[in-house]
Amino acid sequence: MRGLCVNVKATVTEATKRPDLVKVGVYGFITDAVTGESVLANNPDLSTDAGQFTIIQGVGKEDKEVEFEFIAAVPKEIDVDKFEAGIMPLKFASLKLVSFPGGQQYGAVSPCEMNEFSSECEDWEAENGPYEKADFMIKSNERTKGR
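Mapped onto this note's numbering, the consecutive letters of the sequence shown carry residue numbers 42 to 188.
Derived by calculation from the structure, the hints in this document are not laboratory data. Take the hints with a grain of salt, since some may be wrong.
To be verified - Think about it this way: if two alpha-carbon atoms lie no more than 25 Å apart in a straight line, the pair counts; the simulated DMTMM-like pairs of lysine to aspartate or glutamate are:
#1 K50 - D104
#2 K174 - E163
#3 K64 - E103
#4 K137 - E110
Said to hold, decoys possible - Here are the in silico distance ranges between beta carbons for each label pair:
#5 K137 - E161: 29 to 37 Å
#6 N83 - D164: 22 to 30 Å
#7 S88 - G127: 22 to 30 Å
Quick caveat: nothing in here was measured; it's all calculated off a predicted structure. All C-beta atoms, glycine included, are put in the ideal place defined by N, C-alpha and C.
Whenever a hint applies, use it, and build me the whole structure from the sequences.
Following this line, the structure appears as structure tokens:
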């Protein structure tokens, strides 16, 4: 398998009023539109959509469209150069946005969170700026009002 970064634009179809959301998890099924095989590494057999496959930093209460990226797991045998989009056609099903109180603990782990004294952390800081320790799992986000 190889990982391909896929950029997605999606329409939000929820009709209910909602507050601005932060650190929104994206769940659902994504398959090769021709073979029906899953392209999500955390759900290879399509048995569940319980696995979050990406995160959106924020969704405003008025937002009608969202953009996100995810890594598609594609067999190395597939020649993706023949596809105009750089990847085979994909089918998206049952996508949903989920924002949990305190959801700021979900997201990518930087090398600095693993070892802030490592050379990988120095490289990460050169690209992203100084590392700041976060209060993940300790302090609630603004939506939870300290609960």
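Hint check:
no., hint, in the structure
1, K50 - D104, "12 Å, holds"
2, K174 - E163, "15 Å, holds"
3, K64 - E103, "16 Å, holds"
4, K137 - E110, "14 Å, holds"
5, K137 - E161: 29 to 37 Å, "34 Å, holds"
6, N83 - D164: 22 to 30 Å, "27 Å, holds"
7, S88 - G127: 22 to 30 Å, "28 Å, holds"
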